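Engineer: Each chain, written out:
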Amino acid sequence: MIDKILASAAAALADVRDGATVLIGGFGTAGQPNELIDALVETGARNLVVVNNNAGNGETGLARLIGLKRVRKIICSFPRQADSHHFDALYRSGAIELELVPQGNLAERIRAAGAGIGGFYTPTGSGTPLAAGKETREIDGRMHVLEHPIHADFALIKAERGDRWGNLTYRMTARNFGPVMAMAAKTTVATVHEIAELGSLDPEAIVTPGLFVHRVVRIDRAATAAGGFKH
Amino acid sequence: MNALVALQGVKRWSRDALAARVAADIPNGTVVNLGIGLPTAVANHFGPGQEVMLHSENGVIGMGPAPMPGEEDFDLINAGKQPVTLRPGGCFFHHADSFAMMRGGHIDVCVLGAFEVAPNGDLANWHTGAADAIPAVGGAMDLAIGAKQTWVMMEYFTKDGRAKLVAACRYPLTGQACVSRLYTDLAVIELVDGRAVVTDLAPGLSLADLQVLTPGVTLVGRA
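Those protein sequence lines, which keep their order, are chains A and B. Quick note: the first sequence uses the numbering used here, first residue 1, plus one each step. Quick note: the second sequence uses the numbering used here, first residue 1, plus one each step.
Keep in mind the hints are simulated off the structure, nothing from the lab. Errors might be hidden in some of the hints.
What the hints assert, rightly or not - The calculated lysine-lysine pairs, modelled on DSBU-like cross-linking and capped at a C-alpha distance of 35 Å, are:
(1) A:Lys134 <-> B:Lys11
(2) A:Lys69 <-> A:Lys186
(3) B:Lys159 <-> A:Lys230
(4) A:Lys230 <-> B:Lys148
(5) A:Lys186 <-> A:Lys4
In this text, all values refer to a predicted model and were calculated from it rather than measured experimentally.
With the rest of the complex left out, here is chain A (with noise of 0.2 Å):
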């Protein structure tokens, strides 16, 4: 029998290893998978390079596992927010390395990764900084820029109700990364909300198929916090 579905958090990433390249979903605090992130702090593993849209928000998720410098390398779009201080004085004092990249070419480099692409040509970014040193091709007319696929370890994302094959479905914008980080990390660890039966999800409705998830685990439903703008 196929059965994804793990007992706890910690069961699911007892085999993180220091450097490990691990993609976390959400956008801000929607999506942001709060008890898989506790986990892997409690893991110890160090010299992390994580993948996100941000970087943290306040003192949990993200953030705390940042401030426990648990982290070398960020690849995300948008660092900067008005909750985002733990991860701002470690980068002003050179604590953490910086990947900046525009959040279309974030999104596209993971899905290239879980589809074989081995790179694409894209307009975005072309003549500004974050193309410096990178291969150009004029394609119609138009200088398009080579971007890599971002590969990883891990993902952990966050879902809403989920099978024991892995099939998942999400909830309004908190869907945001998950399902092209679901396909691109060699294991990839999902919450949900609730354990639907094999069979009781609606096949027309499930955004993630079950081949791209690994691990499933339950968590209680807490409403998500606020996070990312000034109140």
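Fit chain B to the known structure of chain A by using the hints.
Structural biologist: Same frame as chain A, but now just chain B:
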């Protein structure tokens, strides 16, 4: 000339008036993306007969206004991470699809803020280059070059009184030759073939006064 002296007697457009003007110029039935900051307010000014599909980069189309107090759900947010609502017909999608909508040319109009804009349409809005500044680009580069039309909404002057419409951007670029129209508190300006064509001026402001306040850029009146 000191900007404040030259602007005595000029009735600048308020942020709300500017947002209303942008909203009125957005064609009915289009797909629109509003950037964070000043452009977000445009959503409050669509007329009753105006139906547009509001796209937000984080994976929603058919975005509605802010929820009533107490009804916020932070799984349903906009690009500024503020709570929003979903209109009938709205739907959700993942990030790669959301940016395919931009890059693929499926967004009719995007409205962005700016630090600097040049008459050739170059846009700088993500980084001042200051040593202690934390750079953050988000979806600006994808939007700027992906939308069919990129409009900018900004204050005409920086806080220290320099025009943000400049001969050539000094700040790091967001996109090359991508802006087609500027909405500011002093004037509405079309960027056409490298020229800055002033189509509207705030009450009490002459084209000659605005030209004096905009060194290095030749402003052209609408013929």
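Engineer: For every hint, state whether the structure bears it out.
Structural biologist: Cross-check of the supplied hints:
no.	hint	verdict
1	A:Lys134 <-> B:Lys11	violated (47 Å)
2	A:Lys69 <-> A:Lys186	holds (24 Å)
3	B:Lys159 <-> A:Lys230	holds (21 Å)
4	A:Lys230 <-> B:Lys148	holds (31 Å)
5	A:Lys186 <-> A:Lys4	holds (15 Å)
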